[in-house]
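Novice: For reference, the chains in residue letters:
4 protein chains.
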Amino acid sequence: MAVAKEGDLLLLLGRDSKRFILRLSPGEELHTHRGFIKHDDLMGQPVGGQITSHLGYPFYLLRPSTHDLIMNIKRESQIIYPKESGYVLLKMSIVPGTRLIEAGTGSGALTIALAQAVMPAGKVYSYERREDMIDVATRNLSRLDLLPYVELKCRDIEEGFDEKEVEALFMDVREPDLYLSQVREALAEGGFFGALVPTANQVSALLRGLQSESFVDLEVSEILLRHYKTVPARLRPEDRMVAHTGYLVFARPVSEE
Amino acid sequence: MAVAKEGDLLLLLGRDSKRFILRLSPGEELHTHRGFIKHDDLMGQPVGGQITSHLGYPFYLLRPSTHDLIMNIKRESQIIYPKESGYVLLKMSIVPGTRLIEAGTGSGALTIALAQAVMPAGKVYSYERREDMIDVATRNLSRLDLLPYVELKCRDIEEGFDEKEVEALFMDVREPDLYLSQVREALAEGGFFGALVPTANQVSALLRGLQSESFVDLEVSEILLRHYKTVPARLRPEDRMVAHTGYLVFARPVSEE
Amino acid sequence: MAVAKEGDLLLLLGRDSKRFILRLSPGEELHTHRGFIKHDDLMGQPVGGQITSHLGYPFYLLRPSTHDLIMNIKRESQIIYPKESGYVLLKMSIVPGTRLIEAGTGSGALTIALAQAVMPAGKVYSYERREDMIDVATRNLSRLDLLPYVELKCRDIEEGFDEKEVEALFMDVREPDLYLSQVREALAEGGFFGALVPTANQVSALLRGLQSESFVDLEVSEILLRHYKTVPARLRPEDRMVAHTGYLVFARPVSEE
Amino acid sequence: MAVAKEGDLLLLLGRDSKRFILRLSPGEELHTHRGFIKHDDLMGQPVGGQITSHLGYPFYLLRPSTHDLIMNIKRESQIIYPKESGYVLLKMSIVPGTRLIEAGTGSGALTIALAQAVMPAGKVYSYERREDMIDVATRNLSRLDLLPYVELKCRDIEEGFDEKEVEALFMDVREPDLYLSQVREALAEGGFFGALVPTANQVSALLRGLQSESFVDLEVSEILLRHYKTVPARLRPEDRMVAHTGYLVFARPVSEE
Numbered sequence: 001m002a003v004a005k006e007g008d009l010l011l012l013l014g015r016d017s018k019r020f021i022l023r024l025s026p027g028e029e030l031h032t033h034r035g036f037i038k039h040d041d042l043m044g045q046p047v048g049g050q051i052t053s054h055l056g057y058p059f060y061l062l063r064p065s066t067h068d069l070i071m072n073i074k075r076e077s078q079i080i081y082p083k084e085s086g087y088v089l090l091k092m093s094i095v096p097g098t099r100l101i102e103a104g105t106g107s108g109a110l111t112i113a114l115a116q117a118v119m120p121a122g123k124v125y126s127y128e129r130r131e132d133m134i135d136v137a138t139r140n141l142s143r144l145d146l147l148p149y150v151e152l153k154c155r156d157i158e159e160g161f162d163e164k165e166v167e168a169l170f171m172d173v174r175e176p177d178l179y180l181s182q183v184r185e186a187l188a189e190g191g192f193f194g195a196l197v198p199t200a201n202q203v204s205a206l207l208r209g210l211q212s213e214s215f216v217d218l219e220v221s222e223i224l225l226r227h228y229k230t231v232p233a234r235l236r237p238e239d240r241m242v243a244h245t246g247y248l249v250f251a252r253p254v255s256e257e
Numbered sequence: 001m002a003v004a005k006e007g008d009l010l011l012l013l014g015r016d017s018k019r020f021i022l023r024l025s026p027g028e029e030l031h032t033h034r035g036f037i038k039h040d041d042l043m044g045q046p047v048g049g050q051i052t053s054h055l056g057y058p059f060y061l062l063r064p065s066t067h068d069l070i071m072n073i074k075r076e077s078q079i080i081y082p083k084e085s086g087y088v089l090l091k092m093s094i095v096p097g098t099r100l101i102e103a104g105t106g107s108g109a110l111t112i113a114l115a116q117a118v119m120p121a122g123k124v125y126s127y128e129r130r131e132d133m134i135d136v137a138t139r140n141l142s143r144l145d146l147l148p149y150v151e152l153k154c155r156d157i158e159e160g161f162d163e164k165e166v167e168a169l170f171m172d173v174r175e176p177d178l179y180l181s182q183v184r185e186a187l188a189e190g191g192f193f194g195a196l197v198p199t200a201n202q203v204s205a206l207l208r209g210l211q212s213e214s215f216v217d218l219e220v221s222e223i224l225l226r227h228y229k230t231v232p233a234r235l236r237p238e239d240r241m242v243a244h245t246g247y248l249v250f251a252r253p254v255s256e257e
Numbered sequence: 001m002a003v004a005k006e007g008d009l010l011l012l013l014g015r016d017s018k019r020f021i022l023r024l025s026p027g028e029e030l031h032t033h034r035g036f037i038k039h040d041d042l043m044g045q046p047v048g049g050q051i052t053s054h055l056g057y058p059f060y061l062l063r064p065s066t067h068d069l070i071m072n073i074k075r076e077s078q079i080i081y082p083k084e085s086g087y088v089l090l091k092m093s094i095v096p097g098t099r100l101i102e103a104g105t106g107s108g109a110l111t112i113a114l115a116q117a118v119m120p121a122g123k124v125y126s127y128e129r130r131e132d133m134i135d136v137a138t139r140n141l142s143r144l145d146l147l148p149y150v151e152l153k154c155r156d157i158e159e160g161f162d163e164k165e166v167e168a169l170f171m172d173v174r175e176p177d178l179y180l181s182q183v184r185e186a187l188a189e190g191g192f193f194g195a196l197v198p199t200a201n202q203v204s205a206l207l208r209g210l211q212s213e214s215f216v217d218l219e220v221s222e223i224l225l226r227h228y229k230t231v232p233a234r235l236r237p238e239d240r241m242v243a244h245t246g247y248l249v250f251a252r253p254v255s256e257e
Numbered sequence: 001m002a003v004a005k006e007g008d009l010l011l012l013l014g015r016d017s018k019r020f021i022l023r024l025s026p027g028e029e030l031h032t033h034r035g036f037i038k039h040d041d042l043m044g045q046p047v048g049g050q051i052t053s054h055l056g057y058p059f060y061l062l063r064p065s066t067h068d069l070i071m072n073i074k075r076e077s078q079i080i081y082p083k084e085s086g087y088v089l090l091k092m093s094i095v096p097g098t099r100l101i102e103a104g105t106g107s108g109a110l111t112i113a114l115a116q117a118v119m120p121a122g123k124v125y126s127y128e129r130r131e132d133m134i135d136v137a138t139r140n141l142s143r144l145d146l147l148p149y150v151e152l153k154c155r156d157i158e159e160g161f162d163e164k165e166v167e168a169l170f171m172d173v174r175e176p177d178l179y180l181s182q183v184r185e186a187l188a189e190g191g192f193f194g195a196l197v198p199t200a201n202q203v204s205a206l207l208r209g210l211q212s213e214s215f216v217d218l219e220v221s222e223i224l225l226r227h228y229k230t231v232p233a234r235l236r237p238e239d240r241m242v243a244h245t246g247y248l249v250f251a252r253p254v255s256e257e
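Protein chains in written order, with the numbering used here: chain A, 1 to 257; chain B, 1 to 257; chain C, 1 to 257; chain D, 1 to 257.
Keep in mind that the hints were calculated from the coordinates and are not lab data.
Treat the hints with care, since some could be wrong.
Stated by the list, open to error - In the SDA-like style, the derived pairs of lysine to any residue whose C-alpha atoms are separated by at most 20 Å in a straight line are:
no.: 1; chain 1: B; residue 1: Lys229; chain 2: A; residue 2: Gly49
no.: 2; chain 1: A; residue 1: Lys229; chain 2: B; residue 2: Ala205
no.: 3; chain 1: C; residue 1: Lys18; chain 2: D; residue 2: Leu218
no.: 4; chain 1: B; residue 1: Lys164; chain 2: A; residue 2: Gly49
no.: 5; chain 1: D; residue 1: Lys18; chain 2: D; residue 2: Met71
no.: 6; chain 1: D; residue 1: Lys229; chain 2: C; residue 2: Arg208
no.: 7; chain 1: B; residue 1: Lys229; chain 2: D; residue 2: Asn201
no.: 8; chain 1: B; residue 1: Lys229; chain 2: A; residue 2: Lys229
All chains should be modelled from the sequences, with the hints used to inform the complete structure.
Specialist: Below, the structure is given as structure tokens:
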């Protein structure tokens, strides 16, 4: 049975489903809504077991999933949710060893999914125009020890990308259709292009751009995730759900001659 | 610019969106609905470019995405679609290096996504009761060179799993609630449990079993994927869609003492 | 151009989309979040025009839709929403002149839709066990002048219905499967049966009951309504939506000999 | 117990859920996939009972619902489905006695729902440019005895509507935004406007038009209907569903001065 030890990334799950993610460090304390917990007291405790706060409130000691990590980051912007990022991984063949560009780092939610998918040999080159967002993403990725797999660049992508022949390129920026010539310079012929845009108008504009820049195999889709209450005798969906995050657009650049 | 060479896994995409996946081998031929293509004629051709069949019909020469591979396998059973398998990867932290069990290999659709996510250091132990399905899955995985990352076992999971302390275990079998004691023996305390079941009654039965076997952090969800027609001036969803594949159930086994 | 006059049922729509429904009565005042309005000042005002509160805040003067009436009632219980009640009208042929039973009046939301559909010649016999809910429904229907088309009965339907040979019968009660023999006594052979139940378990129980009581033409369905933001240059769905109200079940009682 | 008699509108429901709608007429025959049935043999038979074809195949003898009538019409065009038309009735207060305009009769599917909702005192003025569609709609409505409540007009609405001060106006035409001045001339100030358009681009264009023509209380929505298999022990949604019919747009014309 595994036990928690210094440097581990852990999830404390309260009985009320509240979640706390921490990196185990000697001398530190976690402050919860139900009392504090000393990191030192967690060391040596079995993963999958229970521990209690100084107020006696019980928490399960677990390892966080990628999903937990994404949903738990410090958010300074709208994030890309796991329902979309999981699909992106499969549509764009983002597997161990892949080198890809992400345009629009934001808080780094998708970056986490990408980094965990390509490590240890792959690399995510992630571009973001705003310095404050680079700082947020750096903190979020650093805490999860994912910085070795990510190269963050504070840059307006209008100026283009440094990399050539990357296998995949994903855009989460306001007007992705404006940067398709920059995309074509960085993305390998036949590579995987993806984008998330919130509005139908942006989808139309992006499709127009992709068609005029010789992208083929276009796909536009949206993903709806519906959660259920977990009461076996009264199984039913939750009353409310997220109705929209964005439209996913995928395409592949080809040579037409 | 990359060119196709012997041993490459390739996707030929017709103008009508028909897809053909092949492993480039000297002397072989691909027979399409629009004429045949000699593998030898593809060698040295640029990826992202066009080639034509002996009837002059044009195809784009691309590398297949994981999504393409999953949707293109020989199916002898209902498969798990990318809309679900992508989410499974993130909910169950299936990343490079993960050791996990899959119960119910079927045609191997989910196995492909799992193998590509854990390689090269990880391993998928995949159990299937039916020998004929093991054969189908073996062919599907072998063609994609994914067998090194998968250990297929023809076994009724009633008898239990060989592995201990695996990090994750996913079930796609008829009555997953019947095998939870076997699951608990194989899955590490605090590990990631997931299942897909087609009916609401099975969800209720599984939730009951999970609750009585000390699983926590239960989630039941369903994922709907809606495709759009890719006509920028007339953007609208496709007329019909897949309305149901299955309910996803996730949970984590804990020690209650 | 129509003008507002005593006795009219009116909708005041604020610039911020707040809605107030009133029956125009001399001497009364409407108190809004943006100041009060004297009913007397509304008399003679053109419908479709604007009026202002004593604080100068503008409101449009409109007639409420059935949808407005349903969404605006005083709610003491979960209501049946227009997305379902509209479909119920068509599935159960509830048209001018129809005589039907509603079991489970609740706050009277569905009763409003039914009464407006069957008036003036038809009748809704609406049963409700709780006296306090009868009071709520009476107030809601009375305010809309719909009581002439509804007969409210405070009764446990365990004791059966007074009517025979009604054309349609709709149930919104906790365990509709327990009352199917009472339903069969009241509903005409071949009539229209409908029910709304919140959980999948209740659907299964009701289907079992219907099949054993010789109901045919079974349908189970759910209706999802997704609203969009009405910004033409940034068209997109609202961020969140109602994910579940209930499952609709329809069937028709037949004679099997 | 009611019995079938001459002139009745009837539904024959086969064990395999095939549906046949007929108007009972002496001397006629219904030809089904399982043998023929003489109308004369149906007269006097109890509604809700069973009859058999000349090949001995059993059918239930029922009255059709409005839903059955809509789904069963002869279609020469895309129709508006009950999932939308029911909601339209409630959003636009289409009740017994309402006078309204429908622009774009098509095959008359929505016209059926409207006529049945407004009869006997109300009236549907339904405009259609194509003569062949007028013929189809006439036949569909005539068979259901709904022509007394509908006035069909073969006219390009570019030329305007004959009626003034109608309470509601619904458009199912290609570019509804082009006819908003005609709409404003026919629709009462403060009345109910509705439209169905298939594409997101049309929604944007219509919203722009409505906003510039002083319409308020805008709503854009889409309705998804998901059917379930009616097997109580294996409750689950059908595998496939209609993913899109159109976007509904509602608004109300007001006077801005």
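Novice: Are the hints correct? Go through all of them and say.
Specialist: Hints, one by one, checked against the model:
1. A distance of roughly 50 Å separates the Cα atoms of Lys229 of chain B and Gly49 of chain A; the hinted pair therefore is violated under the 20 Å criterion.
2. Pair hint Lys229 of chain A plus Ala205 of chain B holds up; C-alpha atoms about 14 Å apart against a cutoff of 20 Å.
3. A hinted pair counts as satisfied when its Cα atoms are at most 20 Å apart, and Lys18 of chain C with Leu218 of chain D qualifies at roughly 13 Å.
4. For the hint pairing Lys164 of chain B with Gly49 of chain A, the CA-to-CA distance comes to about 18 Å; that is within 20 Å, so the pair holds.
5. Between the alpha carbons of Lys18 of chain D and Met71 of chain D the distance comes to roughly 12 Å, so the proposed pair stays at or under 20 Å and holds.
6. Of the supplied pair hints, the one linking Lys229 of chain D and Arg208 of chain C holds, its CA atoms being roughly 13 Å apart against a limit of 20 Å.
7. Restraint check: the Cα-Cα separation between Lys229 of chain B and Asn201 of chain D comes to about 13 Å, which is no more than 20 Å; the hinted pair holds.
8. A threshold of 20 Å between alpha carbons decides the hint, and for Lys229 of chain B with Lys229 of chain A the separation of about 34 Å lies outside it, so the pair is violated.
Checked against the numbered hints listed earlier, the structure breaks hints 1, 8; every other hint is satisfied.
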